[in-house]
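Undergrad: Build the full structure now, drawing on both the sequences and the hints.
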Amino acid sequence: MTRSLWRYLVPLGLLLVFPPIAYATGLEFYTGLITKIMIFALAASSLNLILGYGGMVSFGHAAYFGVGAYTVAILTREGVTSAWVIWPAALVLCALLAFLIGSICLRTRGVYFIMITLAFAQMIYFVVISFRQYGGEDGLRARRPDFGLFELSDTALYYLTLAVLVAALYAVARLVNSRFGRVLQAIRENESRAAAIGYPVYRFQLVAFVIAGTLAGLAGLLMAHYTQYASPNLLAWQQSGHLMMMVILGGVGQFWGGVLGAAALLVVEEILQGFTIYWQLGVGLILLLIVLFAPRGIAGLFGRRGS
Amino acid sequence: MSLLTLEHLTKQFGGLTAVNDCNLAVDAGEIHALIGPNGAGKTTLINQICGALQPTRGQIRFDGHDITHTPQHQRVRLGLARTFQITNLFKNYTVLENLELAVQARSGSSFHFWNPVQREMHLREEAEQITELLGLTFRNHTMVAQLSHGEQRQLEVGLALACKPKMLLLDEPMAGMGSEESGRMVELIARLSQNLTILLVEHDMDAVFRLAQRISVLVYGQVIASGHPEEIRANPDVHRAYLGDDHGGRHP
Chain C
1 MTRSLWRYLV PLGLLLVFPP IAYATGLEFY TGLITKIMIF ALAASSLNLI
51 LGYGGMVSFG HAAYFGVGAY TVAILTREGV TSAWVIWPAA LVLCALLAFL
101 IGSICLRTRG VYFIMITLAF AQMIYFVVIS FRQYGGEDGL RARRPDFGLF
151 ELSDTALYYL TLAVLVAALY AVARLVNSRF GRVLQAIREN ESRAAAIGYP
201 VYRFQLVAFV IAGTLAGLAG LLMAHYTQYA SPNLLAWQQS GHLMMMVILG
251 GVGQFWGGVL GAAALLVVEE ILQGFTIYWQ LGVGLILLLI VLFAPRGIAG
301 LFGRRGS
Chain D
1 MSLLTLEHLT KQFGGLTAVN DCNLAVDAGE IHALIGPNGA GKTTLINQIC
51 GALQPTRGQI RFDGHDITHT PQHQRVRLGL ARTFQITNLF KNYTVLENLE
101 LAVQARSGSS FHFWNPVQRE MHLREEAEQI TELLGLTFRN HTMVAQLSHG
151 EQRQLEVGLA LACKPKMLLL DEPMAGMGSE ESGRMVELIA RLSQNLTILL
201 VEHDMDAVFR LAQRISVLVY GQVIASGHPE EIRANPDVHR AYLGDDHGGR
251 HP
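Chains as they are written, first to last, in the numbering used here: chain C, 1 to 307; chain D, 1 to 252.
Keep in mind that the hints are not guaranteed to be accurate.
Distance windows between CB atoms, simulated [said to hold, decoys possible]:
| no. | chain 1 | residue 1 | chain 2 | residue 2 | range |
| --- | --- | --- | --- | --- | --- |
| 1 | D | PHE111 | C | LEU149 | 46 to 54 Å |
| 2 | D | GLU230 | C | ARG109 | 41 to 49 Å |
| 3 | D | PHE111 | C | VAL268 | 53 to 61 Å |
| 4 | D | GLN54 | C | LEU100 | 20 to 28 Å |
| 5 | C | SER130 | D | PRO116 | 46 to 54 Å |
| 6 | C | PRO88 | D | HIS149 | 52 to 60 Å |
| 7 | C | PRO20 | D | GLY108 | 30 to 38 Å |
| 8 | C | PRO88 | D | GLY15 | 35 to 43 Å |
| 9 | D | ARG124 | C | LEU9 | 49 to 57 Å |
| 10 | C | GLY241 | D | TRP114 | 29 to 37 Å |
| 11 | D | HIS112 | C | PRO295 | 54 to 62 Å |
| 12 | D | GLN213 | C | MET123 | 53 to 61 Å |
| 13 | D | HIS149 | C | LEU16 | 51 to 59 Å |
| 14 | D | GLN54 | C | MET123 | 26 to 34 Å |
Residues from chain D that face chain C, not an exhaustive set, calculated with beta carbons under 7 Å [said to hold, decoys possible]:
| no. | residue |
| --- | --- |
| 15 | GLY79 |
| 16 | SER107 |
| 17 | SER110 |
| 18 | CYS163 |
| 19 | LYS166 |
Think of the hints as simulated: they come from the structure by calculation, not from any bench.
By construction, the Cβ of each residue, glycine as well, lies at the ideal position given by its N, Cα and C atoms.
TA: Written as structure tokens, this is what we have:
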């Protein structure tokens with residue numbers, strides 16, 4: 001018990017003391033990189049909840065990520081400055097969007113589900129870039145909102161992101177071990193049997209889909225705070241693929257899959273970009289090796305079961 | 001008093017009529033066997049009764065309710081549980097984990113997101129009672145994929161039992177079993193029928209005639225005969241359509 005507690009406290013402690021150390025040694029760049037990794041860790045973990053635990057291969061997860069970011073950008077542009085308005089607005093919007101998209105997509109299965117989630121995300125992408133007044137294909141500047149209690153400096157954003165990530169991961173950990181989480185995984189294992197013993201499969205999947213979409217929206221709004229900009233790239237299908245790659249790399253259905261995958265992929269990208277403009281080839285090779293030799297991802301290499 | 005009645009039940013898949021104007025009444029407390037040659041529509045019928053398939057026409061009544069359009073999960077709650085002809089279990093879970101899931105389904109809402117389900121000891125206790133009833137206690141912590149075929153078939157029945165049904169729909173529970181295993185299954189079904197109504201779809205005629213109080217014969221999606229085992233055995237239509245073929249010989 002104490003040993004497993006240390007396993008969480010040590011990385012958390014390191015993350016807590018990192019910014020001042022980085023500041024003192026002139027490595028502030030890395031504070032930003034870690035913020036970005038934590039944001040993607042949240043987004044990938046939210047995808048892992050439906051893809052890994054729920055068996056729903058959503059290829060449109062960028063929709064919620066991007067809509068979260070765009071809500072920040074559009075609201076600040078329209079003169080809303082309070083984070084206490086912007087955050088709930090973004091989360092509610094993403095939840096509603098996930099409810100709408102999920103309630104249609106979850107009537108399909110397999111390849112159809114993949115394609116229809118992708119189609120919805122692409123629809124949102126094209127709708128957003130068609131709004132000239134909101135930047136079109138150039139994206140839109142997203143001022144950092146006013147929290148009232150503190151100024152959202154880069155360091156404050158780092159700690160805010162860390163707090164959100166820890167809280168979200170804790171909630172997801174509770175969820176996957178709860179009654180709901182057990183049923184969600186049972187549906188992934190055997191849908192027809194889950195229905196035959198009396199579970200309303202569709203309802204469980206839809207609730208999970210909405211939770212995942214909302215968490216992705218949360219990551220998206222943090223992303224807008226981080227870059228102070230909402231880019232159409234956040235909504236594009238490549239972004240959905242990027243999140244999916246993180247989950248596969250980290251471990252599908254493994255609790256730390258999203259976090260490890262986001263960290264590994266972003267660090268590898270960062271390193272390879274320093275060497276070559278063909279860095280994507282390297283990323284592809286690494287993903288290929290993982291899929292071939294470590295099907296349970298990086299988290300699986302540590303030999304612990306996800307649930 | 002009939003617990004389950006089917007009236008004019010019809011299921012078409014495109015141009016194919018799998019179940020054609022089928023009428024059937026199962027009385028409370030009986031073991032009612034449903035027999036018929038391959039492709040007669042037995043599994044399609046079961047799928048409609050349990051709610052996995054919507055009928056094209058007709059009505060299903062269960063325990064005083066019209067359940068024709070009731071979703072599957074609510075039918076389970078009303079007391080209708082089924083097994084599958086082709087074993088359909090949570091293969092990567094242990095025997096107890098399988099049963100706990102079924103117990104959980106009928107013990108309160110599962111839309112709880114926070115408390116660890118493992119702390120709910122009553123789920124485990126009820127699951128253990130079922131393995132005891134099945135005689136599978138020694139397999140409690142075995143992964144289902146590692147069970148023998150016969151044990152998996154027993155767990156099929158156990159999962160349906162864990163729903164605490166009023167009526168069991170057993171879709172060929174003896175499928176693929178050796179004689180010793182099917183003997184044990186006959187015993188189990190006989191024991192269960194003391195408290196339950198059972199609709200038994202089965203090809204094993206020895207088992208059917210040992211267990212059933214009434215038998216209905218389904219041919220080309222229609223019930224051609226329904227009655228006590230002796231009546232069915234003596235019915236010439238049934239002989240022609242089914243029993244004759246079952247013994248391999250052809251009666252001119």
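Undergrad: Each hint: holds or not?
TA: The hints, checked one at a time:
1. D:PHE111 to C:LEU149: 46 to 54 Å: With Cβ atoms ~34 Å apart, the hint is violated.
2. D:GLU230 to C:ARG109: 41 to 49 Å: About 47 Å separates the Cβ atoms of D:GLU230 and C:ARG109, which means 41 to 49 Å holds.
3. D:PHE111 to C:VAL268: 53 to 61 Å: violated, 39 Å
4. D:GLN54 to C:LEU100: 20 to 28 Å: Distance hint for D:GLN54, C:LEU100 holds at roughly 25 Å.
5. C:SER130 to D:PRO116: 46 to 54 Å: holds, 47 Å
6. C:PRO88 to D:HIS149: 52 to 60 Å: holds, 55 Å
7. C:PRO20 to D:GLY108: 30 to 38 Å: violated, 49 Å
8. C:PRO88 to D:GLY15: 35 to 43 Å: Given range 35 to 43 Å: violated, Cβ gap about 54 Å.
9. D:ARG124 to C:LEU9: 49 to 57 Å: violated, 31 Å
10. C:GLY241 to D:TRP114: 29 to 37 Å: About 33 Å separates the Cβ atoms of C:GLY241 and D:TRP114, which means 29 to 37 Å holds.
11. D:HIS112 to C:PRO295: 54 to 62 Å: For D:HIS112 and C:PRO295 the Cβ distance comes to about 32 Å; the hint is violated.
12. D:GLN213 to C:MET123: 53 to 61 Å: holds, 59 Å
13. D:HIS149 to C:LEU16: 51 to 59 Å: holds, 55 Å
14. D:GLN54 to C:MET123: 26 to 34 Å: Check passed, 31 Å falls within 26 to 34 Å.
15. GLY79: With a minimum Cβ separation of about 10 Å from chain C (threshold 7 Å), the hint on D:GLY79 is violated.
16. SER107: Violated, because the Cβ-Cβ distance from D:SER107 to chain C comes to roughly 10 Å (cut-off 7 Å).
17. SER110: holds, 4 Å
18. CYS163: This interface hint holds because 6 Å falls under the 7 Å limit.
19. LYS166: violated, 13 Å
Of the numbered hints given earlier, the model fails hints 1, 3, 7, 8, 9, 11, 15, 16, 19; all others are met.
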